[in-house]
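Q: Take a look at the letters that make up each chain.
There are 2 protein chains.
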Amino acid sequence: MARYQVILAYDGAHFMGSQRQANSRTVQGELEKALHKLGWSDRSVLIAGRTDAGVHASGQVAAFDLEWSHADDDLVRALNANLPADLAVREAHVVAADFHPRFDALSRRYCYRLFSHPVRDPLREKTAWRTWPAVDGALLAQAASLLIGTHDFAAFGSPTGPKGTTVRTVMKAGWRPVEEDKWQFEIQADAFLYRMVRRLVFIQAAVAQGRVSAQVVAQSLAGPAGVPAGELPAGLAPAHGLTLVEVTY
Amino acid sequence: MARYQVILAYDGAHFMGSQRQANSRTVQGELEKALHKLGWSDRSVLIAGRTDAGVHASGQVAAFDLEWSHADDDLVRALNANLPADLAVREAHVVAADFHPRFDALSRRYCYRLFSHPVRDPLREKTAWRTWPAVDGALLAQAASLLIGTHDFAAFGSPTGPKGTTVRTVMKAGWRPVEEDKWQFEIQADAFLYRMVRRLVFIQAAVAQGRVSAQVVAQSLAGPAGVPAGELPAGLAPAHGLTLVEVTY
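If you read the sequences in order, they're chains A and Z. For the first sequence, the working numbering assigns the number 880 to the initial residue and increments by one for each residue that follows. For the second sequence, the working numbering assigns the number 880 to the initial residue and increments by one for each residue that follows.
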């Protein structure tokens, strides 16, 4: 018996999120079904980051204890043979018996893609948010730079942990052009509040469309006392633009 | 009444190709249904390029005659309001009354994406072919360069037109890296044989994996007499990696 860490990739379109729920198709539920076929019989696997319905992953991390007498690559193959087409195990490694993918994580990295166009685009909208009017690249960069550092993100999400703090440290945040009128946001932080990335993308797009001033964002990062709630528009960027890229330990 | 040219984009995953067929969901069928709601009553729209089930498009072209008293952008909006989420009209323009999207086309441009990895990857496999072992970039480039020019492509597809010739002129063909271990092929030609792009990609991947020599490809381009059929492996790259990008007039 050993504890295994696996890296998961999934197309989130047809999952009701990462965490197991009764009567819903979830990443955790599908992984546990595949593990049962390999003789696993624990109550549940551990998962690093909760992703909402529709959110994708290229580097989600899960862990479980398994009696497995073959090579790691064979475990990857055996699991993938039992997983649906929209979920795959990319890697498997033996880790310390007390490894916990969520509590041991040092940072999470997400990316979010958006493009600006007045007309819808079925191919690009599979994994990117179409938003209009056009976003200004310099304003996106300015908004992202405000996020870097340790701030109180209470205006941008709800706490998930028992401690209830809304202070998070963002190590990296920035936008880069990926093709004509399309932008990719990357953000790495020690941890994220619930829906924080989608909320941050929504607000940055509002800044880059001239609807919100960067100053209001800067004030909001001072915590609940910073800015009257009414000045920061409500809203979330849609789930299908978001991908969990990496969890570091 | 005027003839309109429209640029279509679609995610091909849930279409049985571009051409109308009885009892199948097709691009042409869905466009005609949307047009009927705007008062169009002709027998069929004209479409530039036939795409197979699963093949995507960002620049497919269709044409039809319509009585429309509003602006072109209003026609785009009215059609998109009646089209399913995986099909959109990107642009609409009035053209000459005798414009034909297929017979007037000067060239077609396709792109094909592949990536090399031993393990499947649900997100990337939506629009790219996973092939393994790894492809060699220099061999891909060498294979693509052979295609440029006027050749008899009989070994790479079947004729679709009434003339039955298998000679085609390729203006551009080349591969570029798009991200780690991922490649994008672009090819532009006056016209393509049936399934020619997928066949060319399959053979080039075989060259880049060291399974077929570039010399065999060069000989095959001399036409049916060039190479014994047995030396060129049978097979097609899968439809989901292919996108019709542009038709020029």
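Quick caveat, the hints were computed from the structure, so don't treat them as lab data. Take these hints with a grain of salt, some might be off.
Here are the simulated DSSO-like cross-link-like pairs (lysine-lysine), alpha carbons at most 27 Å apart as the crow flies [what the hints assert, rightly or not]: (1) Lys1051/A to Lys1005/A; (2) Lys1005/Z to Lys1051/Z; (3) Lys916/Z to Lys1061/A; (4) Lys1061/A to Lys1005/A; (5) Lys1051/Z to Lys1061/Z; (6) Lys912/Z to Lys1051/A; (7) Lys1051/Z to Lys1061/A; (8) Lys1051/Z to Lys1051/A; (9) Lys912/A to Lys1061/Z; (10) Lys1061/A to Lys1051/A; (11) Lys1061/Z to Lys1005/Z; (12) Lys1051/Z to Lys916/A; (13) Lys912/Z to Lys1061/A; (14) Lys916/A to Lys912/Z.
Q: Hint by hint, work out which the structure violates, then give me just those numbers in ascending order.
A: Structure breaks hints 3, 6, 8, 9, 12, 13, 14.
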